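Residue numbers (the working numbering), protein chains in the order written: chain A, 1 to 296; chain B, 1001 to 1337; chain C, 2001 to 2326.
Because the hints were derived from the structure by calculation, they are not lab data.
Keep in mind the model is a prediction, meaning the values are calculated, not measured.
C-beta: ideal position from N, C-alpha, C; glycine also.
It cannot be assumed that every hint is accurate.
Chain C stretches covered by chain B per the calculated footprint, using a threshold of three residues with CB under 8 Å from any CB of chain B [stated by the list, open to error]:
1. 2185-2194
2. 2213-2222
3. 2243-2257
4. 2261-2271
Subject to a maximum C-alpha distance of 20 Å in a straight line, what follows is the list of computed SDA-like cross-link-like pairs (lysine to any residue) [stated by the list, open to error]:
5. A:K122 - C:P2068
6. B:K1252 - C:N2266
7. B:K1247 - C:G2263
8. C:K2026 - C:P2286
9. B:K1252 - C:G2219
10. B:K1026 - B:P1284
11. C:K2064 - A:S198
12. B:K1144 - B:V1204
13. B:K1268 - C:Q2201
14. C:K2089 - A:S198
15. C:K2082 - C:Q2010
16. B:K1268 - C:G2219
17. B:K1268 - C:T2264
18. C:K2064 - A:D197
19. B:K1299 - B:E1277
20. B:K1247 - B:K1268
21. B:K1044 - B:G1213
Here are the chains, one letter per residue:
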Amino acid sequence: METSRSPSELKREFSLRRASALSGILHSRRAQVGFGIIIVFAILAVGAPFFAPFSPYMFPAPGRPYAPPDSRFLLGTDNLGEDILSEIIYGGRVSITVGLIVAFLSTGLGTLIGILAGYYMKTIDEVLMRATDMVLILPALPLMIILAAYLGPSIRTVILVLTVTSWPSVARVVRSQTLSLRERPFVDSARVAGASDSRIITKILFPNLASIIAANAVLMVTTAVVGEAALDFIGLGDITVVSWGTMLYWAQSYALFNGAWWWVVAPGVCIVLVGLAFVLISVSIENIFNPRLRSA
Amino acid sequence: MTANPSTRGQEGDQVLDIRNLTVSYKTESGYVKAVDDVSFTVNKGEILGLAGESACGKTTTALSIMRLLAPNAVVNGQILFDNKDVLQMPEDELRNFRWKGVSLIPQGSMNSLDPVIQVGKQIVEAIRAHESVSRADAWKTTEKLLSSVSIHPTRAKNYPHEFSGGMKQRAVTAMALALNPRLVIADEPTTALDVVVQKQLLLVLRNLQKSLGISFIFVSHDLSVIGEIADRVAVMYAGKIVEIGRKDMVLKHPSHPYTQALVNSVPKVFGNRQLLESIPGSPPTGVWPEGCRFHPRCKFVFDLCRQKEPELQLAATGCLAACHLVSKTDREEIVLK
Amino acid sequence: MLEERVLAIQDVKVYFERRERLIGRKTVIHAVDGVTLVLGRGETLSLVGESGSGKSTLARTVLKLNTPVEGAILFHNQDIFKQDRRQSKAYRRRVQMIFQDPYESLNPQSTVFNAVTEPRVIHGLASDRSEKEEAASRLLALVGLDPSTKLYRYPHELSGGERQRVAIARALSLEPELLVADEPVSMLDVSIRLGVLNLLQTLKQNLNLTYLVITHDLGVARYIGTRIAVMYFGQIVEIAETDELINNPKHHYTNLLLSSIPGTENPQPLAAGADVDFSYSAAEPPSGCRFHTRCPMAQEKCASIVPKLTEIANGHFAACHYPLTK
Chain A
1 METSRSPSEL KREFSLRRAS ALSGILHSRR AQVGFGIIIV FAILAVGAPF
51 FAPFSPYMFP APGRPYAPPD SRFLLGTDNL GEDILSEIIY GGRVSITVGL
101 IVAFLSTGLG TLIGILAGYY MKTIDEVLMR ATDMVLILPA LPLMIILAAY
151 LGPSIRTVIL VLTVTSWPSV ARVVRSQTLS LRERPFVDSA RVAGASDSRI
201 ITKILFPNLA SIIAANAVLM VTTAVVGEAA LDFIGLGDIT VVSWGTMLYW
251 AQSYALFNGA WWWVVAPGVC IVLVGLAFVL ISVSIENIFN PRLRSA
Chain B
1001 MTANPSTRGQ EGDQVLDIRN LTVSYKTESG YVKAVDDVSF TVNKGEILGL
1051 AGESACGKTT TALSIMRLLA PNAVVNGQIL FDNKDVLQMP EDELRNFRWK
1101 GVSLIPQGSM NSLDPVIQVG KQIVEAIRAH ESVSRADAWK TTEKLLSSVS
1151 IHPTRAKNYP HEFSGGMKQR AVTAMALALN PRLVIADEPT TALDVVVQKQ
1201 LLLVLRNLQK SLGISFIFVS HDLSVIGEIA DRVAVMYAGK IVEIGRKDMV
1251 LKHPSHPYTQ ALVNSVPKVF GNRQLLESIP GSPPTGVWPE GCRFHPRCKF
1301 VFDLCRQKEP ELQLAATGCL AACHLVSKTD REEIVLK
Chain C
2001 MLEERVLAIQ DVKVYFERRE RLIGRKTVIH AVDGVTLVLG RGETLSLVGE
2051 SGSGKSTLAR TVLKLNTPVE GAILFHNQDI FKQDRRQSKA YRRRVQMIFQ
2101 DPYESLNPQS TVFNAVTEPR VIHGLASDRS EKEEAASRLL ALVGLDPSTK
2151 LYRYPHELSG GERQRVAIAR ALSLEPELLV ADEPVSMLDV SIRLGVLNLL
2201 QTLKQNLNLT YLVITHDLGV ARYIGTRIAV MYFGQIVEIA ETDELINNPK
2251 HHYTNLLLSS IPGTENPQPL AAGADVDFSY SAAEPPSGCR FHTRCPMAQE
2301 KCASIVPKLT EIANGHFAAC HYPLTK
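Chain A on its own, in the form it takes in the complex (with noise of 0.2 Å):
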C-alpha cells in the first residue's frame, strides 16, 4: 500500500510530472531538428543588427555587384552589390514576422467561426459555413491583385490576403471536431453539472481542440512563409521591404542572367528550412496536448 500523502504533495507531484513529459517530446528527433532550426532563425532575427554584417539597405552598396561568395560576403552580393547575408538575416525577420503573424490571425479567426458553427449548429452554422465557402472560393491572387491596387502594395496587404484566404480551411477542420466533440458524453456531463454554453465552450471544448488547433497553426505558419514569398515573388508585395520573397523577385530577373546561382538559392533554402521546420514541429505537438502522452 502507498502511504497516503497531503494533497499539495501530490500537486506538486503531479507538476512534476507533467514538466518532465513535456520537456519528453523534446526526445523526439522530428522535434529537435525543428527546434533547433527555429532558434537559429529566431536568434538570427532578433539579432539582426547584431549579426548582419551589412545593413542591406546601404549606399552606397558594400561591394561590387554580382560578386560570389567570398569571406567578405559569404553569401555573395546581388545587382546592386548588397551582401546578402544581411539581406537575408534581414529579410528573415520581415517573412516569419509576416509568417507567424498570418498563422495567428487565420487560426483565431477560423477557431472562432468553426467552434461556433459547430457547437450551435442549425441556423449560426449555416450563415457561418456559407460565408466562409464564399470565401473559400476567393482565389488568393486576383484578390491580392485587386488589394493591392486599391490598397497599395505593402506588407499589410500581404497579412491581409494570407489571413483571409486561409481561415476558411481552419474553420472548417475546427468545425467538424466540434461537431463530433459537442456529442461525447464529457460534453453532456458539464452540462448535467450546470455548465454554460460559454463555459461548454472555452473550458471543455476548446483544450481538447487545442491539439488540433495547435497542429494546424504551426503548419498555417509554413503555409504563410511560402505565401508571402510567392506574392513577392510576384511583385505584390512591397519590393522595397527586404524579404525572402522579394529577394526572389529581384533574383528572378537579375540573377540567372547573371550567373548569380547564390542569390536564388539563399532566400530559396531559408523558405525551405523555416517551412520544414514548423512542419516537424506541428508532428511532434500532439504530444503536448494529448493527456495519454503527456502523462508518465
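Assemble chains B and C onto chain A, guided by the hints.
Same frame as chain A, now just chains B and C:
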C-alpha cells in the same frame, strides 16, 4: 498432462485437441504473454463454453486455433485437428482447414458485413472462394444455410442494413457454416444483442448442434449465456484455464474461488436474492501477479498461493481446477458452495 | 404510506427529426411516446427495455438534455421546462446523472481533481484550493477511491471501475437528491459490476438519495430496484414492485423478456410469437398497442386502440387489453 475426463473426451470422439498452447506478443518493451500453457479438447457435437473477462486470453486462444493472430504473435504448443497440428500446417492444408474444418465467427462480425453487397452474395463469395462450384449451386447452398439459421431464403437479396442486429448475426453464422465445418468458434456472438434476440440465436446454435452435429467453442464473458448454451465450460483468468468441466458442475458447484466469485457476483433475475459479494481489485492486464494469478483478489488466499502457481487438479466434482485448495487434505472444511 | 413525490413525468413525448440526406424527406422518430411515471422519495426505479426503447432518451430528458414536444416533468411540483435561469441552475444541484461509458463521460483533459471539483466551481460553491482539495478527497473516499493516489490522475490512468467511481463522486459533489444512472455498469467487467452496484446501494442509504436506474439487464434491475418499469417502443408497458413483476408479469412483452433470460434457473417457458427480426431502427410505430405485431394474444382491438396503463393489482400497472392472468 494426464488424461482426464474433464479436459478430454474419449479418443476418437475429439474434434480438437489443444495441448500446452502459449501465445506471447512481441512488443517494444519485451514479450507480453496472453495465453499461458492452455490445454483442452472439444468433443464431437458438444458446445464448449470459454468464459472469462477482458484480457483473460479467450479471444487470443480462439484466434490461434485459426492461426489468425497478428504477425508479432509467438505461438507454442500443439493444436491437433484430425491428428494434424494446425500450427505446423503448410499454406494449402491450412486453407483446407479454415472454413472447412474449423470456422470462426469473429467478435463484432455482424458489423463487418460489407454494406454494399447483398448478404446472400457475400455468402456465395465465401463458398466460391474455397470450393469450385457453380454460382447457381452456391446460391442454392446459401439459401439452405439461411434457412438453417431461421432467415427466410428470400432475404438473401437484401443488404445488411435491411437486416436487424440479430439477423446479421445469424447471417454471419450461416457464412461460417458454408463449408460444413466440424467445429465453429463463436467469439462473443451475443454481446451486442438484446436478450430476446440473443435467445433466438442460442436456439439456432443449439439446433445446429443437434441436427448437424457441429461442435462449438462459445467464447463469452456472460456466464448466464454460457450456462444456457454450453455442455462443458472452461473458465479462463490471466491467460490460464482455472477451471474446466461439465457445465452444471462448474457453474453450480465451482471448485475454483474465481469461478465461485464470478458466479456469485452476477445479479440474477430468478431464484432467491442471494447476498452477492463483489470481487475486490480488477482483472490483471499485462503484468500477472506472482504465484497464483488470482491470489490478490482471492478470499481464501494463503501463503502457498503467493509463491507457487497451482496446476489443474481433479476436484471432487470431477472438474479440474487450478487451485491449491483442491489438493488440501482439509478441503472439505472450506465450503465453496 | 404517503411518499413524497420527487419526480412526476406526465405524458411526456420526445420526438427527433431525422432528415434522409439524399432524399430530403424528414422522418420523425418517436423516441419517447407518452410516458407517465412517478418517483417517490427514497425509492429506486429500474427502467428496463431493449436498446431503442427510449429509456435513455427519457433519462436524458429528466436531466434537461432533451426537450419534450409534449407533456411535463415536475420536480417537487415545479415544471422543469418552465424554469428561469436561476431555477434551472438550482435544479441541476438537486438532480444529477451517471453515464454509461465511464471513459467517455470524463473529460480526458481533466484530472480527477478537476472532474470532482468542477460542478461546485460552476455553482460558485468552491473557494480556495485547499478547500477544494479537501472536498475532493472526501468525495473520493466516499466512493472507495484512495485520494492520495488518485487525486491528480487522468482518466486514462484509471481502470473502468475506478472511472465510474469518479463519475459517481462527481455526481455527488453537488449533494443532489435524485440520481439518474444510465446503464451504470454495463460497460464494466463482470467482476467489477457488483462492487459499483453495492456502492450505489450504500450511498443511497447513507445519503438518503432517490434513484432512477436505466438498464437493459433485468438482473441489475432486480438487484438494485424497488420497482421496475418496462419500456417498449417509447412507452411504459408495465410497472410493478420488483419481485411482483418478475414472478407475476402481466404484459406479454414483459413475459417475453423474462422468458428469454439465459441460464438454467429460468423457470419460464419460452414465450411464443417473438418476431425476432424486429428492429426499432427500421420500424415506424405500429398502430394501437405497439406490441401487437409480435404479441401471441393480439386481437382486433389491439391493432386499433392504444391500451392505457391501468392498475391491475395493488401498485401493479400494465398497458394491455388482455393482460396475462396466472
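Now for the hints, and whether the structure bears them out:
1. 2185-2194: holds (count 6)
2. 2213-2222: Holds, because 6 residues of the stretch 2213-2222 of chain C bring their Cβ atoms closer than 8 Å to Cβ atoms of chain B.
3. 2243-2257: holds (count 3)
4. 2261-2271: holds (count 8)
5. A:K122 - C:P2068: Since the Cα atoms of A:K122 and C:P2068 sit roughly 19 Å apart, the hinted pair holds (cutoff 20 Å).
6. B:K1252 - C:N2266: Within the cut-off at roughly 14 Å; holds.
7. B:K1247 - C:G2263: holds, 11 Å
8. C:K2026 - C:P2286: The given pair, whose Cα atoms are some 19 Å apart, holds under the 20 Å limit.
9. B:K1252 - C:G2219: holds, 18 Å
10. B:K1026 - B:P1284: Within the cut-off at roughly 19 Å; holds.
11. C:K2064 - A:S198: Given pair C:K2064, A:S198 holds - Cα atoms ~18 Å apart, limit 20 Å.
12. B:K1144 - B:V1204: holds, 14 Å
13. B:K1268 - C:Q2201: Satisfied, since the Cα-Cα distance of roughly 16 Å is no more than 20 Å.
14. C:K2089 - A:S198: holds, 15 Å
15. C:K2082 - C:Q2010: The given pair, whose Cα atoms are some 14 Å apart, holds under the 20 Å limit.
16. B:K1268 - C:G2219: Measuring from Cα to Cα gives roughly 5 Å; hence the hint holds.
17. B:K1268 - C:T2264: holds, 11 Å
18. C:K2064 - A:D197: holds, 14 Å
19. B:K1299 - B:E1277: Distance ~11 Å between B:K1299 and B:E1277 Cα, so the pair holds.
20. B:K1247 - B:K1268: Holds - the C-alpha atoms of B:K1268 and B:K1247 are around 17 Å apart, at most 20 Å.
21. B:K1044 - B:G1213: holds, 7 Å
Comparing the model with each earlier hint shows no violations; every hint is respected.
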